[in-house]
Amino acid sequence: MTTLPGSSPPPPSARQRERNAYRRRRTVRRVVVGTVSSLVVLGLAAWVITSAPGWPRVREVYFSGHHARESFPAIWDAFWLNVRLFMTVELIVLPLALAVAVIRVVPAPAMAPFKFIAAVYTDVFRGIPTILVVMLVGFGFPALGLAGVPTSLFWLGAIALTLSYGAYVAEVIRAGILSIHPTQWAAGRALGLTYGQTLVRVILPQAIRNVTPPLMNDFVSLQKDTALVSTIGLVEALRAAQVYQANTFNVTSMCVAALFFIIVTIPLARFTDWLTIRSMRRQGGL
Amino acid sequence: MLRIRALRKSFGDHVVLDGIDLDVARGEVVCLIGASGSGKSTLLRCIDMLEETDDGDIHLGDLELTDPAIDQNRARARIAMVFQAFNLFPHMTVMQNLTLGPRRVKQVPHREAEARARELLARVGLEAKAYAYPDSLSGGQQQRVALIRAVAMDPELLLLDEVTSALDPLLVTEVLDVIRELAREGRTIVMATHEMDFARECADRIVFLSGGRIIESGPPEQVFTAPRDQRTAQFLARHTARR
Ligand SMILES: Nc1ncnc2c1ncn2[C@@H]1O[C@H](COP(=O)(O)OP(=O)(O)OP(=O)(O)O)[C@@H](O)[C@H]1O
Ligand SMILES: [Mg+2]
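These protein sequences, in sequence, are chains A and B. With our numbering, you'll find the first sequence wraps up at 322, consecutive numbering, no jumps. With our numbering, you'll find the second sequence wraps up at 246, consecutive numbering, no jumps.
No wet-lab data here; the hints were simulated from the structure. Please note that a few of the clues may not be correct.
Not the full set, but computed from the structure, chain B residues with beta-carbon under 8 Å of chain A [what the hints assert, rightly or not]: (1) H62; (2) D74; (3) A78; (4) A80.
Label pairs and their in silico Cβ distance ranges [said to hold, decoys possible]: (5) A:T219 <-> B:R241: 52 to 58 Å; (6) A:V185 <-> B:G142: 38 to 44 Å; (7) A:L311 <-> B:E224: 50 to 56 Å; (8) B:D232 <-> A:A305: 43 to 49 Å; (9) B:R114 <-> A:G90: 32 to 38 Å; (10) A:D309 <-> B:E224: 52 to 58 Å; (11) B:R234 <-> A:G228: 46 to 52 Å; (12) A:R62 <-> B:R107: 50 to 56 Å; (13) A:A155 <-> B:T243: 55 to 61 Å; (14) A:M147 <-> B:R241: 49 to 55 Å; (15) A:T63 <-> B:P172: 47 to 53 Å.
Residues from chain A that keep clear of chain B, each with C-beta distances beyond 10 Å, as calculated [stated by the list, open to error]: (16) P48; (17) M147; (18) V279; (19) T301.
These figures come from a predicted structure and were not determined experimentally. Note that the Cβ used here is the ideal one computed from N, Cα and C, for glycine as well.
Model the full assembly from the supplied sequences, consistent with the hints where possible.
Here is the structure:
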């Protein structure tokens, strides 16, 4: 309104300076209280754990520095397989799930057979344990001996995870589409947009935004489930850790593998939090 | 009862309130008018502590609302605010909406809260809707429930932000009737509105906001018939001619 160019706000009143000082002190106090209480709780927890009678044994079996260093290179190499696997699967799952979700919601009668197939697909693959899908694809596809069916274990693993996660993600996206208020459809159609244009320009952007947190959650879950391909003989991080453990009878290598999985999950989790908070801010709720 | 002094609020370098002074006496009905974007909602939100102010004081009685050390929950129990739309909780019946605050904030016993809610519903002619969900109510009915939900908390100060602007003209009347009655009861109300006729009829005082300042403040007859400021005259000319 009155953003006069070059005019600077008047200096704050004495009372306002007091208020600002109070807010600053309060912020400092909150940070201090938060830090101190965290340190106390963590310190206490560490003390309780490390002073337990079995602790030296636990440390040797689970957290041995020597075994961690020894097993690290093999697990590091193997972990790249997990990373490539989940990146590939994430890239294929999104469009697949989007297509399945859209097919399931569009009312066009000509789509009926596809709607049926999409419904069966989601029901079946959400129902089967992922590890079973991995085995069925990994052991079954090569036995088919059909031309064009990939034989590389990597791609078999990718197909299995895609089938399983495609079904989950499709349901999340479909829920997102259905959560958009019907007046948004009406508003799009009223503007003269076609059904498809309304879907793509109006409904989907809102739907995807609403379901981003659960979607990210599914991706985190997928990152972990890449470990399942070890069952069909792929040497990924878990299998590499197991190999080391079998030779040494020490599970530190498995903790190293666990650490890898945790580390790749954290950025995604923080990104999801950030997205959620941002959308709350936008709606003026925070 | 409400005393605002030198209130300032900006969003980034966009100054929205540029030194507002306003006193509201107990039982007074003040209508804020002004162009869209003149800061009416912002002023109400500052009073309800929904926005942190940049400078200046707001006092409600002896309580300083701009004091960052106050207990906002307790202070808000003395103020009620009704917004343009989306006031009711959609997952609760009308009755649950009306009794939530009294029961959970004021610890009023269940029966008593329901009895009071029923009495208020009767006053706005909605007894029959006590167990309906907000979705099944018309916009005007929803706003009437929102108003009595605010009243059910017995606030010292009622803030209304364009409570009728999302409604069609037929429904506006029924909501304004409720506000008119609240005004007659002697409640203290500060409301932002574009309903000039209503403001003229019901307000004790009209406050015209423009450029982040109060340009004019006075009894409705004076402001509407003999505005002192050129800008007020222009605004009123545009807004009364339209109707
Ligand atoms: N959260 C915000 N961030 C940035 N600018 C804001 C924010 N809220 C309000 N504004 C700006 O502050 C100004 C005043 O807004 P406000 O909502 O108070 O106007 P108003 O007088 O209530 O208008 P209307 O009659 O249309 O409701 C507007 O220019 C608006 O763009
Ligand atoms: Mg407003």
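Status of each hint after checking the structure:
About 12 Å separates the beta-carbon of H62 (chain B) from the nearest beta-carbon of chain A, more than 8 Å, and the hint is not met. For D74 (chain B), the suggested interface contact is broken, since its CB lies about 13 Å from the closest CB of chain A, more than 8 Å. This hint is violated: A78 (chain B) has a C-beta 15 Å from the nearest C-beta of chain A, more than the 8 Å allowed. Hint status for A80 (chain B): violated, given a least beta-carbon distance of 21 Å to chain A, over 8 Å.
Between T219 (chain A) and R241 (chain B), the C-beta spacing of about 31 Å breaks the proposed range 52 to 58 Å. In this structure the supplied range 38 to 44 Å is violated for V185 (chain A) paired with G142 (chain B), their Cβ-Cβ distance being about 59 Å. Checked against the hint of 50 to 56 Å, the C-beta distance between L311 (chain A) and E224 (chain B) comes to roughly 54 Å, which is consistent with it. Between D232 (chain B) and A305 (chain A), the C-beta spacing of about 56 Å breaks the proposed range 43 to 49 Å.
Distance hint check for R114 (chain B) and G90 (chain A): the Cβ-Cβ separation is about 58 Å, which falls outside the suggested range of 32 to 38 Å. For D309 (chain A) and E224 (chain B), the Cβ-Cβ distance of about 56 Å falls inside the hinted range of 52 to 58 Å, so the restraint holds. Distance hint check for R234 (chain B) and G228 (chain A): the Cβ-Cβ separation is about 40 Å, which falls outside the suggested range of 46 to 52 Å. For R62 (chain A) and R107 (chain B), the Cβ-Cβ distance of about 27 Å falls outside the hinted range of 50 to 56 Å, so the restraint is violated.
Distance hint check: the CB atoms of A155 (chain A) and T243 (chain B) are about 59 Å apart, consistent with the given range 55 to 61 Å. M147 (chain A) and R241 (chain B) have their C-beta atoms about 52 Å apart, which keeps the hinted 49 to 55 Å range intact. A hinted range of 47 to 53 Å holds for the C-beta pair T63 (chain A) and P172 (chain B), which are about 49 Å apart. With a cut of 10 Å on Cβ distances, P48 (chain A) falls inside the contact zone with chain B, its closest approach being about 5 Å.
With a least CB separation of 30 Å from chain B, M147 (chain A) remains clear of the 10 Å interface cut-off, as annotated. Separation of V279 (chain A) from chain B is adequate, the least Cβ-Cβ distance of about 53 Å exceeding the 10 Å criterion. For T301 (chain A), the requirement that its beta carbon stay farther than 10 Å from each beta carbon of chain B is met, with the minimum near 33 Å.
Violated hints, in rising order: 1, 2, 3, 4, 5, 6, 8, 9, 11, 12 and 16; the structure is consistent with all others.
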